[in-house]
Amino acid sequence: MLKMNEVSKIYRTDLIETHALSNVNLSIDEGEFIAVTGPSGSGKTTFLNIAGLLERFERGDYYLDGENVANLNDKKLSQLRNEKIGFIFQGFNLISDLSLYDNVEVPLIFRGIKASERKKRIEEALELVGLASRMKHYPAQLSGGQQQRVAIARALAGKPRFLLADEPTGNLDSLMARQVMDLLQEVNQAGTTLIMVTHDNELARRAGRNIQILDGELTDITKSQLTDLAV
Amino acid sequence: MKELVMLAWQGLKQKPKLSALMVINLAVGITLMLTMSAIVKQSSSEVIGYKGDSLYTAGLNYFDVDEDVNDFRQFPRWTYQDAQALQQANLPYEYVSFNYTTEFIVGLADNSVRPISVEASGTDSGMFNVLDVPFIYGTAWNAQSEKSGEAIAVISKHANDHLFGGVDSVGQFIQVQGEQIRVAGVVDLTRYKRRFQDLSFSNNYNHDVFIPLNYAYAQNFPRTGQVTCRTDDLYTTISPRSGSIDMLKSAECGYLTVWFQYHNDVELVQLAELKTWLNNYIKQQQALGRFQHKNLTDFYSMGELYILIQRFMAWEAIYLTFSYLLFGICLVNTVGILLAKFQANRKLISLYRALGANQSVIMIIHFLEILMLTLAAIVLGFILAFAGLELMFHLRMYQTDYMAIAEQVRQIYQFDSELALVTTLGIFLAVGLSGLYPVYRSSRVSPASELRG
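Residue numbers (full-length UniProt numbering), protein chains in the order written: chain U, 1 to 231; chain S, 1 to 453.
Source of the hints: derived by calculation from the structure; they are not laboratory data.
Computed from a predicted model, the values in this text were never measured in an experiment.
Do not take every clue at face value.
[What the hints assert, rightly or not] A short, non-exhaustive set of chain U residues, derived as facing chain S with CB atoms under 8 Å: (1) TYR63; (2) ARG81; (3) ARG178; (4) MET181.
[What the hints assert, rightly or not] Lysine to aspartate or glutamate pairs mimicking EDC-like chemistry, simulated, CA-CA at most 16 Å apart: (5) LYS3(U) - ASP74(U); (6) LYS136(U) - ASP102(U); (7) LYS157(S) - GLU179(S); (8) LYS119(U) - GLU3(S); (9) LYS114(U) - ASP188(S); (10) LYS157(S) - GLU3(S); (11) LYS3(U) - GLU17(U); (12) LYS13(S) - GLU124(U); (13) LYS136(U) - ASP97(U); (14) LYS159(U) - GLU124(U); (15) LYS347(S) - GLU123(U); (16) LYS15(S) - ASP65(U); (17) LYS3(U) - ASP182(U); (18) LYS2(S) - GLU123(U).
Idealized CB from N, CA, C, for every residue including glycine.
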């Protein structure tokens with residue numbers, strides 16, 4: 001359902017040409033939990049941005065649910081992003097002036113879902129992450145772990161096929177990180193494909209499949225290889 | 001759309017200081033533009049526009065050849081002799097009316113109210129047809145009163161309010177220079193933004209008392225409007241403002257303003273007759289040594305006079321141009337502020353993009369944000385423009401030592417709702433166009449770089 005063939009991404013300045021991703025070939029099946037590891041600057045986030053349709057790529061083909069996204073216009077890409085992909089960021093990226101309810105509502109507004117249906121989905125999503133009772137609260141009134149759960153609820157409210165998480169526990173202490181990971185695993189077990197970029201080998205070991213990116217090149221690795229290569 | 005408005009509101013709250021700066025910046029520009037536009041529009045609007053093509057004034061230039069006479073403001077007023085000749089010609093018109101401006105102190109015989117100094121018209125009953133104002137009380141004096149020079153007057157609402165507390169004063173007496181003058185009627189002239197009948201076009205006040213010319217002559221009320229003599233020596237000898245009226249009547253000194261009113265259907269034919277008479281009269285007088293100047297006649301319709309007046313409003317035009325320029329600068333500032341604001345909102349824009357907003361949606365959200373800011377600026381600008389017009393009104397009253405009639409001055413410094421509507425639409429259009437580039441830039445934000453960390 002997610003397939004990349006020879007995908008390359010090059011960043012160019014006047015003097016330098018940087019190959020962020022080189023001829024990436026990847027196929028991800030529905031319901032997989034994939035951890036993407038690699039040293040800083042290796043291209044992990046670029047991979048995630050391209051997978052999430054936030055960045056375009058120079059060469060290759062990328063099929064999302066069978067549709068080649070290489071030449072789609074902005075409107076179609078945005079629609080795919082909204083309907084099929086949920087993002088979870090390290091810094092949560094909640095809107096501080098909006099209540100939890102309103103934060104979760106934002107992607108549903110962009111999809112043009114009716115208010116009654118939005119309400120149902122928001123309540124379900126916040127229920128799932130255990131924050132239904134606090135839907136009128138604001139992000140600043142929550143702990144870091146709770147904020148990340150709201151971000152997960154926001155990502156899930158649109159019922160995406162893919163969850164893309166970029167260091168989802170990077171700003172959390174170990175207890176909260178564990179709770180968030182437990183939640184993400186629950187979501188994955190419920191059928192949502194989870195692609196997670198992380199530096200944390202312990203978290204990466206929870207994934208069903210591990211991918212290593214080094215100098216823009218992507219390889220599948222076994223869990224035993226994580227310790228040696230990830231940092 | 002309601003939801004997008006909510007998101008625009010969020011964007012607006014992201015950088016409140018920049019939002020406030022944009023509102024204040026625009027409001028200042030709107031205030032100046034609206035204030036000056038309102039003043040210029042009211043100042044230049046025609047006093048009696050519906051008579052623009054039926055009311056005429058004329059002048060005969062008896063000045064020496066070396067005297068500069070370039071426009072109606074410098075043209076000599078009619079002499080008594082020339083006015084008599086015109087009246088005796090029995091030309092066809094709906095009305096003809098002569099007047100001169102005078103001043104005196106008016107009070108009541110029992111001294112029950114403080115006497116006031118007023119400007120007045122020595123005129124004929126035809127003037128009330130020319131002025132075309134409804135009488136609040138009473139009527140104009142009749143031909144018999146006019147001919148006999150009866151001590152009778154029509155007073156203004158302003159004078160009636162002061163002297164008689166605003167009640168019907170017809171039949172009551174006012175006292176001028178110890179003489180009792182019966183009130184025949186009361187008129188309200190404050191509906192005219194400018195006093196046109198004596199060609200002064202002052203917008204401070206109108207005449208408070210109208211008396212028959214013959215009575216004015218009999219009392220020798222001073223001539224305080226424009227008074228000119230053919231030569232300076234003659235002026236010194238005659239002393240036309242306050243000297244003997246009999247000497248003035250026979251001298252080549254002018255003090256009378258004339259108005260002709262025509263029916264539209266016969267206007268052209270009758271105007272031609274008047275012009276022919278004027279030319280013939282000039283030729284006849286030239287044989288007697290008068291009328292040697294190159295500009296011999298002055299002839300304007302009311303509409304033409306107003307076009308001329310607008311040309312003389314040079315300072316107002318400069319202020320108006322200045323206010324437009326300042327608004328232009330405010331628009332340029334707005335572009336800068338919007339660029340800074342949207343730049344500061346990159347993270348929020350990126351988040352919206354990641355959550356599925358396409359570039360068009362981002363542009364709509366930002367246009368809505370601009371719309372809200374502009375609306376706030378317009379509301380603030382209108383409030384400040386109200387205050388500005390009020391301030392200008394009080395400055396004007398102060399400038400005239402509060403001698404001006406407030407109701408009349410107020411007409412120049414009043415908020416114009418039609419202008420406000422046009423201005424509002426213009427501002428939305430101008431700010432919308434100014435916002436195009438910042439909005440376009442904001443929709444091109446690359447989301448990937450802003451969402452890390």
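> Which of the stated hints cannot be reconciled with the structure, identified by number in ascending sequence?
Replying inline: 1, 3, 4, 5, 7, 9, 10, 11, 12, 15, 16, 17 and 18
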